[in-house]
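2 protein chains.
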Amino acid sequence: MIILGIDPGTVRVGYGVIEVTGRALKILDCGVIGDKNRGAAERLAYIGNEVRALIKKCRPDIIGVEQIYFSKNKKTAISVAEARGVIVFVAKSMEIPILEFTPSDIKSVVAGDGRCDKKSLRKMVAITLGVEKIDGPDDVSDALAIAIRASFEGLK
Amino acid sequence: MIILGIDPGTVRVGYGVIEVTGRALKILDCGVIGDKNRGAAERLAYIGNEVRALIKKCRPDIIGVEQIYFSKNKKTAISVAEARGVIVFVAKSMEIPILEFTPSDIKSVVAGDGRCDKKSLRKMVAITLGVEKIDGPDDVSDALAIAIRASFEGLK
Numbered sequence: 001m002i003i004l005g006i007d008p009g010t011v012r013v014g015y016g017v018i019e020v021t022g023r024a025l026k027i028l029d030c031g032v033i034g035d036k037n038r039g040a041a042e043r044l045a046y047i048g049n050e051v052r053a054l055i056k057k058c059r060p061d062i063i064g065v066e067q068i069y070f071s072k073n074k075k076t077a078i079s080v081a082e083a084r085g086v087i088v089f090v091a092k093s094m095e096i097p098i099l100e101f102t103p104s105d106i107k108s109v110v111a112g113d114g115r116c117d118k119k120s121l122r123k124m125v126a127i128t129l130g131v132e133k134i135d136g137p138d139d140v141s142d143a144l145a146i147a148i149r150a151s152f153e154g155l156k
Numbered sequence: 001m002i003i004l005g006i007d008p009g010t011v012r013v014g015y016g017v018i019e020v021t022g023r024a025l026k027i028l029d030c031g032v033i034g035d036k037n038r039g040a041a042e043r044l045a046y047i048g049n050e051v052r053a054l055i056k057k058c059r060p061d062i063i064g065v066e067q068i069y070f071s072k073n074k075k076t077a078i079s080v081a082e083a084r085g086v087i088v089f090v091a092k093s094m095e096i097p098i099l100e101f102t103p104s105d106i107k108s109v110v111a112g113d114g115r116c117d118k119k120s121l122r123k124m125v126a127i128t129l130g131v132e133k134i135d136g137p138d139d140v141s142d143a144l145a146i147a148i149r150a151s152f153e154g155l156k
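Taken in sequence, the protein lines are chains A and B.
Mapping of the first sequence onto the working numbering: position 26 corresponds to residue 26, and the numbering continues sequentially without gaps.
Mapping of the second sequence onto the working numbering: position 66 corresponds to residue 66, and the numbering continues sequentially without gaps.
The reader is advised that the hints may include incorrect statements.
[As the list claims (entries may be wrong)] One-sided excerpt, in silico: chain A residues whose CB lies under 7 angstroms from chain B: (1) Ile68; (2) Ile78; (3) Ala81; (4) Arg84; (5) Val88; (6) Ile98.
Honestly, the hints are just simulated from the structure, not real lab data.
In this text, a Cβ means the ideal position worked out from N, Cα and C, and glycines have one as well.
Looking at chain A on its own, in the form it has when it is part of the complex:
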């Protein structure tokens, strides 16, 4: 089973693709989609097109997406929600099942602590995926964490 985890953000959208074989998890691909030099509408178009291309490439059985965190910064939350809407729309229009998880649920399942920091989560993601470390910004390790979280759901 192939799982794509997506972490929607304002500037960057993190993604992580893992392969699940029994209980073994393996990274297939990960990275970020984003270009802060675009206007808001262009950015949404770009994110949607890139996510569509990513789905075509990795052909996931399930897509996991983080639910919106009600941050103190409303403007950020709105901008992330717009990106999230586009991602869900693209996934749905390609008929891929979507699972949605809250940040605390992801941390709780992946790192055993729903309130752990980014560094601890990143470390547990690396251990779970059998790699020394996860490169790139937190968006990447967050996206892989979402994919790992979704893999537990998929096993149910």
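Please build the complex by placing chain B on the supplied structure of chain A, with the hints as guidance.
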């Protein structure tokens, strides 16, 4: 010139299509897209598909969309933002120019008062479009107000 105004909402998305000939404005179509019996992801897919079909049908030169109002209710704002993201993505992928306006700007230009109530706005929309009254929920008159607002921008 054909202008499509869209008012993204949680339950319903209002739309209004107007034709601009010189300074004369005429309603071509208006209504709501929405089905509250769907789940969040299904709802976004439905809205995106319906907006795409609407654009194909009315072939607008410009699409006007309301910017998110930072309401007291964060959950509502998030849900509206997701719908808005989908609408902008669909419009962009069909290469239709998008203009975005704040609620107060729309009211100010259409009704001469940025803080007017829904009823006054609806009345001014009807007068501007030369009809006796606007039928349907506020989402419809709001969407027509956005289209009228965009028509002023288009004339610049």
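Okay, the hints, checked on the actual structure:
1. Ile68: holds, 5 angstroms
2. Ile78: holds, 5 angstroms
3. Ala81: holds, 4 angstroms
4. Arg84: Result: holds, 6 angstroms to nearest chain B Cβ.
5. Val88: holds, 5 angstroms
6. Ile98: Interface hint status for Ile98/A: holds (5 angstroms vs cutoff 7 angstroms).
Checked against the numbered hints listed earlier, the structure breaks none of them; every hint is satisfied.
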